[in-house]
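Trainee: These are the residues of each chain, in order.
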Amino acid sequence: MLKAFLAAAAALFISAAVHYGLKNVLDYLGQPQISFTLFAIVFIWALFQRPVWTRTGTLLAMTGITLTLGIMLLDKNFAHNLLKPDNAPIFLMIFFFSFFLWISMWQAHNNDRRMEEMLPPEEKETSNQKTWVWPDLVYIEFICMIIWTVVLVVWSLVIPAPLEEPANPGNTPNPSKAPWYFLGLQELLVYFDPWMAGVVLPSIIIFGLMAIPYIDVNPKGNGYYSFKDRRLAILTFCIGFFVMWDYMIVLGTILRGPGWNYFGPFEEWNPHKVVAANNVNLSELVWIKTLYPIGNALNIDWLKQGVPDVGPNYADPGNWLKLLKKEFLGILLLGFYFLVLPVILAKTKLKNFYERLGMGRYAVAIFLFLVMAIVPIKMYLRWTIALKYIFASPWINF
Amino acid sequence: MAQAQQENDAGKQPSQREQAIAQLKADGVWKAPLDRRKFITTAAAGWVIFAAAFGGLSAILAAFMAPRLDFTKAQKFRAGVPDEYSNDSVSEQFKNTEKVWIVRTTEKILAISTVCTHLGCTPNWSENEMKFKCPCHGSGFYGPRPGVEPGVNFEGPAPTPLPRFKITLADDGQLTVDKSQMFFKEKGEWSNPESFVAV
Numbered sequence: 054m055l056k057a058f059l060a061a062a063a064a065l066f067i068s069a070a071v072h073y074g075l076k077n078v079l080d081y082l083g084q085p086q087i088s089f090t091l092f093a094i095v096f097i098w099a100l101f102q103r104p105v106w107t108r109t110g111t112l113l114a115m116t117g118i119t120l121t122l123g124i125m126l127l128d129k130n131f132a133h134n135l136l137k138p139d140n141a142p143i144f145l146m147i148f149f150f151s152f153f154l155w156i157s158m159w160q161a162h163n164n165d166r167r168m169e170e171m172l173p174p175e176e177k178e179t180s181n182q183k184t185w186v187w188p189d190l191v192y193i194e195f196i197c198m199i200i201w202t203v204v205l206v207v208w209s210l211v212i213p214a215p216l217e218e219p220a221n222p223g224n225t226p227n228p229s230k231a232p233w234y235f236l237g238l239q240e241l242l243v244y245f246d247p248w249m250a251g252v253v254l255p256s257i258i259i260f261g262l263m264a265i266p267y268i269d270v271n272p273k274g275n276g277y278y279s280f281k282d283r284r285l286a287i288l289t290f291c292i293g294f295f296v297m298w299d300y301m302i303v304l305g306t307i308l309r310g311p312g313w314n315y316f317g318p319f320e321e322w323n324p325h326k327v328v329a330a331n332n333v334n335l336s337e338l339v340w341i342k343t344l345y346p347i348g349n350a351l352n353i354d355w356l357k358q359g360v361p362d363v364g365p366n367y368a369d370p371g372n373w374l375k376l377l378k379k380e381f382l383g384i385l386l387l388g389f390y391f392l393v394l395p396v397i398l399a400k401t402k403l404k405n406f407y408e409r410l411g412m413g414r415y416a417v418a419i420f421l422f423l424v425m426a427i428v429p430i431k432m433y434l435r436w437t438i439a440l441k442y443i444f445a446s447p448w449i450n451f
Numbered sequence: 126m127a128q129a130q131q132e133n134d135a136g137k138q139p140s141q142r143e144q145a146i147a148q149l150k151a152d153g154v155w156k157a158p159l160d161r162r163k164f165i166t167t168a169a170a171g172w173v174i175f176a177a178a179f180g181g182l183s184a185i186l187a188a189f190m191a192p193r194l195d196f197t198k199a200q201k202f203r204a205g206v207p208d209e210y211s212n213d214s215v216s217e218q219f220k221n222t223e224k225v226w227i228v229r230t231t232e233k234i235l236a237i238s239t240v241c242t243h244l245g246c247t248p249n250w251s252e253n254e255m256k257f258k259c260p261c262h263g264s265g266f267y268g269p270r271p272g273v274e275p276g277v278n279f280e281g282p283a284p285t286p287l288p289r290f291k292i293t294l295a296d297d298g299q300l301t302v303d304k305s306q307m308f309f310k311e312k313g314e315w316s317n318p319e320s321f322v323a324v
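From first to last, the protein sequence lines stand for chains A and B. For the numbering used here, count along the first sequence from 1 and bump the result up by 53. For the numbering used here, count along the second sequence from 1 and bump the result up by 125.
It should be emphasised that the hints constitute simulated quantities derived from the structure, not laboratory data. Some hints here could point you the wrong way.
Below, computed lysine-lysine pairings styled on DSBU-like, alpha-carbon distance capped at 30 angstroms [what the hints assert, rightly or not]: (1) Lys-312(B) - Lys-431(A); (2) Lys-310(B) - Lys-357(A); (3) Lys-431(A) - Lys-304(B); (4) Lys-310(B) - Lys-378(A); (5) Lys-291(B) - Lys-312(B); (6) Lys-273(A) - Lys-404(A); (7) Lys-326(A) - Lys-224(B); (8) Lys-400(A) - Lys-375(A); (9) Lys-310(B) - Lys-326(A); (10) Lys-220(B) - Lys-326(A); (11) Lys-310(B) - Lys-375(A); (12) Lys-312(B) - Lys-375(A); (13) Lys-224(B) - Lys-230(A); (14) Lys-137(B) - Lys-201(B); (15) Lys-224(B) - Lys-304(B); (16) Lys-326(A) - Lys-431(A); (17) Lys-220(B) - Lys-310(B).
Owing to the predicted nature of the structure, the values given are computational and were not obtained by experimental measurement.
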């Protein structure tokens, strides 16, 4: 089944490449909605595949990525965009993250295999061996420090910092990009209100990471690597960090051009590219796109009123009622998602999880999960139905 | 010897001070004298309060002594006569200095703020597409074209339209823009006659 599907996908890809040209097909596949989905599926699938995380598997994968990048760099547009001095850390990031992910997943899968063979984890065998902090560990750290100092000095000499003329608020460079490590947040700002994407979500990320030791009560995996024993934790981290945070950095760096429009890897950055980026609030979808035609068909005037016009004067309680009326579906949906869904899950699908964690821990954990999940949900809603805000008000937009 | 002394003391009549203390204790108004720890904390707290009050007063005095100079730029500027602007055009001549676009439609002349309502970048005016396009996150605002209000957000993440500044026609026939007064569409202020000059 899977093989047939993969064969069909490969056949489709090859015939499309022959018909439209390989570069055009890759430009098409690079669109955020497609490449994000593909990357998420392939990455999560790969986490479960033991052969991927062996030495040969990862070496082959990394060689494949490097070769593909190298061949893509033969294209002048791709090389022009990717070889900017700002993007040097992106290369480092891709290779370092791959390396560190490999080193832990390799040991984890290795231990899983050993446990299937009823052997203790690898760490058990070496746990009685001892080594000195001084001089053994400190020497390694010292050598690392020297090497990195040399690397940074050489880097700053070989690739000069991309400094520009003094800032002028009247002249915004196009595209205007944040430092590379913030490009994921900048991409997030396209889908969320600035207060959400710039303040609330980053704070929740930081406090959520701080809360992990208090939420995670699973004693398995203490002192040894294992994927099987800690699937939920590892998957959550990998989806949050690699699929969402890092992929959005790569997306913001390579695939976003002037006007923050999508540009394929081989596309020239044309500042006059016109992309339909219109988006509408949920209230407009409800009152204009849904209720109005229904009212028209059934001849009910009340349904044909369009989006309720909320005046600017909020000292008048009538305006609050109008806002509630205008945004009723968004309020219901968000209320269901954040307040009702956790209760339903605790009673059904996540019953064991709830009983293991207890009320307080479960509440915090499920809130963090739901906040993490609403980010891709909102991104897909933007990509599919051009949704702007589920709930829009003069103060808070979500 | 010491024991004898004690016995002697016990047998002695209480002194006048001891009698007074006993009386106070009996009346229920006796307070133990300040011990060392309490004295130090009280004194420290007192000093902190005193220093804060004195420092605050000194700061107020210093602020009073400082010359009152206002380096804020004038909020009003002259923007030439209406005929300088052609129909359905955007003038960028005050973008750098005043952060204002002078926009003329077939009906009115407007002074539109150049600060994106999403996160505060300066959008670029794009004549070909007739829109203001922000390079930071891709917000787009209408330019002066028939059937739409210039400055209304229509694409990307910007939550509200670009605000307008007060613009009036002075006695000498020149346009005067007053940036101290803004008009927001979401507050229903764009119908205010001070927010545009009819042509």
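Trainee: Each hint: holds or not?
Mentor: Checked hints:
no., hint, result
1, Lys-312(B) - Lys-431(A), "holds, 28 angstroms"
2, Lys-310(B) - Lys-357(A), "holds, 24 angstroms"
3, Lys-431(A) - Lys-304(B), "violated, 37 angstroms"
4, Lys-310(B) - Lys-378(A), "holds, 21 angstroms"
5, Lys-291(B) - Lys-312(B), "holds, 15 angstroms"
6, Lys-273(A) - Lys-404(A), "holds, 20 angstroms"
7, Lys-326(A) - Lys-224(B), "holds, 25 angstroms"
8, Lys-400(A) - Lys-375(A), "violated, 35 angstroms"
9, Lys-310(B) - Lys-326(A), "holds, 29 angstroms"
10, Lys-220(B) - Lys-326(A), "holds, 23 angstroms"
11, Lys-310(B) - Lys-375(A), "holds, 18 angstroms"
12, Lys-312(B) - Lys-375(A), "holds, 15 angstroms"
13, Lys-224(B) - Lys-230(A), "holds, 21 angstroms"
14, Lys-137(B) - Lys-201(B), "violated, 93 angstroms"
15, Lys-224(B) - Lys-304(B), "holds, 10 angstroms"
16, Lys-326(A) - Lys-431(A), "holds, 25 angstroms"
17, Lys-220(B) - Lys-310(B), "holds, 21 angstroms"
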